[in-house]
Amino acid sequence: MAQHWEASDGRPPTARQTARWGPAGTGCVSCANGARLGLSRLLISVPRRLAIRNTETYFPCHVWGFYPQDVTVTWLRDGRVLTDATCSAPQRNPDGTFNLTAIYMFTPTASDSGSIFSCRVSHAALAQPLGVPWDRR
Numbered sequence: 001m002a003q004h005w006e007a008s009d010g011r012p013p014t015a016r017q018t019a020r021w022g023p024a025g026t027g028c029v030s031c032a033n034g035a036r037l038g039l040s041r042l043l044i045s046v047p048r049r050l051a052i053r054n055t056e057t058y059f060p061c062h063v064w065g066f067y068p069q070d071v072t073v074t075w076l077r078d079g080r081v082l083t084d085a086t087c088s089a090p091q092r093n094p095d096g097t098f099n100l101t102a103i104y105m106f107t108p109t110a111s112d113s114g115s116i117f118s119c120r121v122s123h124a125a126l127a128q129p130l131g132v133p134w135d136r137r
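Numbers 1 to 137, taken from UniProt numbering, label the letters of the sequence shown in order.
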């Protein structure tokens with residue numbers, strides 16, 4: 001998947017989004033917005049996890065390489081914000097960018113079958129909030 005957004009006045013693209021799935025079962029979404037913030041690259045990874053009914057499960061959402069530090073990361077279930085997710089404090093990387101992890105923990109039941117969980121990231125480097133779904137396969 002690749003998406004490109006361009007300014008209406010014909011300037012070069014201001015944002016780019018690509019996604020790929022690695023052999024280890026992890027997904028990675030990369031967003032870049034060099035026009036507005038200089039070198040700002042945002043990487044989001046939501047590793048695949050097996051959710052077993054009646055067994056506590058956690059879903060991590062890793063966000064790397066963002067600048068400036070202000071970012072909002074939320075977990076959603078079927079489009080509704082999950083208020084009991086936890087988020088680490090942003091940590092500064094050697095290159096001056098930041099990273100953090102948001103975790104949602106829960107115990108799936110039969111009623112959770114078919115629910116769609118996703119990690120949503122809002123940041124100044126993104127033209128719009130970006131949602132990355134958790135892949136249960």
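Keep in mind the hints are simulated off the structure, nothing from the lab. Each residue gets a CB set at the ideal place from its N, CA and C atoms; glycine is no exception. One or more of the hints may lead you astray.
Unchecked claim - Distance windows between CB atoms, simulated:
| id | residue 1 | residue 2 | range |
| --- | --- | --- | --- |
| 1 | Ser122 | Gln91 | 17 to 27 Å |
| 2 | Pro68 | Thr107 | 17 to 27 Å |
| 3 | Asp78 | Pro47 | 19 to 29 Å |
| 4 | Pro68 | Ala110 | 38 to 48 Å |
| 5 | Asn54 | Ala124 | 20 to 30 Å |
Hints, one by one, checked against the model:
A hinted range of 17 to 27 Å for the beta carbons of Ser122 and Gln91 is consistent with their spacing of about 19 Å. Checking the proposed 17 to 27 Å range against Pro68 and Thr107 shows it is violated: the Cβ atoms sit about 36 Å from each other. For Asp78 and Pro47, the Cβ-Cβ distance of about 21 Å falls inside the hinted range of 19 to 29 Å, so the restraint holds. Judged by the Cβ atoms, the range 38 to 48 Å given for Pro68 and Ala110 holds: they are separated by roughly 43 Å.
Taking the beta carbon of each, Asn54 and Ala124 are about 41 Å apart, not inside 20 to 30 Å as hinted.
Checked against the numbered hints above, the structure breaks hints 2 and 5 and satisfies the rest.
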